[in-house]
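Colleague: Note that the protein sequences, when read in sequence, are chains A and B. Counting from 1, position 25 in the first sequence corresponds to residue 25 in the working numbering; the numbering is continuous, with no gaps. Counting from 1, position 153 in the second sequence corresponds to residue 153 in the working numbering; the numbering is continuous, with no gaps.
These are computed hints drawn from the structure, not numbers from a lab. Among the hints, erroneous ones may be present.
As the list claims (entries may be wrong) - Quick look at which bits of chain B chain A covers, simulated, 3 or more residues with Cβ under 8 Å:
| id | region |
| --- | --- |
| 1 | 18 to 31 |
| 2 | 128 to 137 |
Said to hold, decoys possible - Distance ranges between label pairs, derived from CB positions:
| id | chain 1 | residue 1 | chain 2 | residue 2 | range |
| --- | --- | --- | --- | --- | --- |
| 3 | B | Asp15 | A | Gly184 | 49 to 55 Å |
| 4 | A | Ala77 | B | Arg284 | 28 to 34 Å |
| 5 | A | Ser4 | B | Asp103 | 31 to 37 Å |
| 6 | B | Pro124 | A | Ala85 | 54 to 60 Å |
| 7 | A | Thr45 | B | Pro258 | 52 to 58 Å |
| 8 | A | Ala207 | B | Arg294 | 34 to 40 Å |
| 9 | A | Asp109 | B | Pro124 | 25 to 31 Å |
| 10 | A | Ala331 | B | Leu311 | 43 to 49 Å |
| 11 | B | Ser4 | A | Asn134 | 39 to 45 Å |
C-beta atoms are modelled at their ideal positions from N, C-alpha and C, and glycine is treated no differently.
Protein chains: 2
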Amino acid sequence: MIPSPYLLYLGHSADFIGIKTSRGLATFRRDDCVGEFRHDDCPLTLDLPRLSMADAAARGAKTMVLGIANGGGTMGADLVADAVAALEAGMNVASGLHQRLRDVPRLADLARERGLQLFDVRDPPAHLPVGTGNPRPGNRLLTVGTDCSVGKMYATIALAEGLRARGLAADFRATGQTGILIAGAGVPVDAVIADFISGAIEQLAPARSDHGWDVIEGQGSLFHPSFAGVSTGLLHGAQAQALVLCHEPGRAHMRGIPGRALPGLRETIDMNLQVAKLTSPDVRFVGVCLNTSRLEAQAAADLCGRTADELGLPCTDPLRMGVDGILDHLA
Amino acid sequence: MIPSPYLLYLGHSADFIGIKTSRGLATFRRDDCVGEFRHDDCPLTLDLPRLSMADAAARGAKTMVLGIANGGGTMGADLVADAVAALEAGMNVASGLHQRLRDVPRLADLARERGLQLFDVRDPPAHLPVGTGNPRPGNRLLTVGTDCSVGKMYATIALAEGLRARGLAADFRATGQTGILIAGAGVPVDAVIADFISGAIEQLAPARSDHGWDVIEGQGSLFHPSFAGVSTGLLHGAQAQALVLCHEPGRAHMRGIPGRALPGLRETIDMNLQVAKLTSPDVRFVGVCLNTSRLEAQAAADLCGRTADELGLPCTDPLRMGVDGILDHLA
Chain A
1 MIPSPYLLYL GHSADFIGIK TSRGLATFRR DDCVGEFRHD DCPLTLDLPR
51 LSMADAAARG AKTMVLGIAN GGGTMGADLV ADAVAALEAG MNVASGLHQR
101 LRDVPRLADL ARERGLQLFD VRDPPAHLPV GTGNPRPGNR LLTVGTDCSV
151 GKMYATIALA EGLRARGLAA DFRATGQTGI LIAGAGVPVD AVIADFISGA
201 IEQLAPARSD HGWDVIEGQG SLFHPSFAGV STGLLHGAQA QALVLCHEPG
251 RAHMRGIPGR ALPGLRETID MNLQVAKLTS PDVRFVGVCL NTSRLEAQAA
301 ADLCGRTADE LGLPCTDPLR MGVDGILDHL A
Chain B
1 MIPSPYLLYL GHSADFIGIK TSRGLATFRR DDCVGEFRHD DCPLTLDLPR
51 LSMADAAARG AKTMVLGIAN GGGTMGADLV ADAVAALEAG MNVASGLHQR
101 LRDVPRLADL ARERGLQLFD VRDPPAHLPV GTGNPRPGNR LLTVGTDCSV
151 GKMYATIALA EGLRARGLAA DFRATGQTGI LIAGAGVPVD AVIADFISGA
201 IEQLAPARSD HGWDVIEGQG SLFHPSFAGV STGLLHGAQA QALVLCHEPG
251 RAHMRGIPGR ALPGLRETID MNLQVAKLTS PDVRFVGVCL NTSRLEAQAA
301 ADLCGRTADE LGLPCTDPLR MGVDGILDHL A
């Protein structure tokens, strides 16, 4: 496991979505976070103490988490320099980027010299199986989205917690860097070899017979031209009986693709059902989760109400309004 | 490039589809093949001289090609032993399996000692871009299938050759181990990191303005629960104006998944159009290629005729009847 407590990295980021991994840890593992590191040009904050590398180490931070996400997942010179600074201050470094910390010779050498560790969270497990799509016992719920970064992980965690609060066995199955850091386990499905996408998810959420639920974090979108292959394999591997649609109202375009409009909610539901049926013929949607963080409370409530009416499904913002409506519908 | 001539490996295989890489080289690069290597329990032949490793080396073979394909792409002890024997006989070894030759210490050590080379054809290129789906100029045709191993590569090569025979510029864009060995270039799309599937294809078939065609080899099937993620990303990355459906009549079940029926041709057409439209709104099917190798000539001709009538598209077996009907329809 990655030694805590953590210093969360924001760096030079001015993109609230781009710091989603740091944000996820600040939300769900706040007791394990001593502070945030950001440069003067970073206008964002997680409402944690702003610390230098040295101050963080002095306050006991064991690991600096490079909790940012970017398309392609490579490290620029600025990130490498800050990782060097963290190691020199005596902290381990964890990253969820595609490019591995250990593949940067300067970081690998420095970590070895100092007796510190580099954690590459996006390393997929070795020896993944090829998926089969064969029926397996167990209850599985998967979140799917209109786009990347619309709140699927938050919704998934809330649904797993909600099931447990009702006395059911339920496991959050993380599929992305943030979820894996929060849960301490999972598979970075967008980093596996393409032939093994569905197989990785079949392994992550295997057959179970305790009447409990695997609540699986979705990734990307069937409508995202960069990542729909990942979403497709995830949908097939999950073999979910229950899907929950996630969406962020008001987004101007698909994440990273200016000019490309988001799909409609009904369109997203229909396409996901069509693809999911290949391995789960009786799959159905059980609810909709909207990320309404940019809306006032009343506007958010109104939008959830209208959406529920339009789609005939319970609709909520899991952070603001909980997920009881969806869990009732699921039961 | 991989030094020729080649010794083609059949090993212990009793599965005609499982030797498809050796078979592809025997078909399309026959002048570069000195013989085939098979154990006594292998009932298959490519109608090349059956040679021992030593005899092949004596006849000038420079590289033994481990031209077999299996689900998961790992090497058993038998394959490793035969690769050792090839190196000891003085030949390089090439493989298209997921597991790398160079990752087997015994092979890596032996190749170094003997001054021979190991070629891992399924190594994806480094620094792949993330796909965007943004419109790019150029004419692109992609083959898609009801299943894996139904003849997509043969059809793709025949279509590229047919276009060139009509005086057009046309490039076969290989996406699998066999095609890459035949063409000497390409991207093994099922071996790239999942986030980069569509990006790898955008790079393989980039914008072109010479009025020529990129004729792209499809992989897997949207209906294959193991590999549909690869097929989806390939379809999005190809941004093809023209699709050709490939199918092998009479197949009992989806490749590697006993009990799972193949989709219908119309169903396969509809699903591929729906997915492809995300990045190519005006995409259309221009023909159907059937692999009729198990049928008598008259039965094959009749089936192509019936299929053409049913689907309203030219239908052919590219090896038996050529692809003129499809190219006429395309023009």
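Colleague: Hint by hint, which ones does the structure fall short of?
Modeller: Checked against the structure, the hints that fail are numbers 1, 3, 4, 6, while the rest are satisfied.
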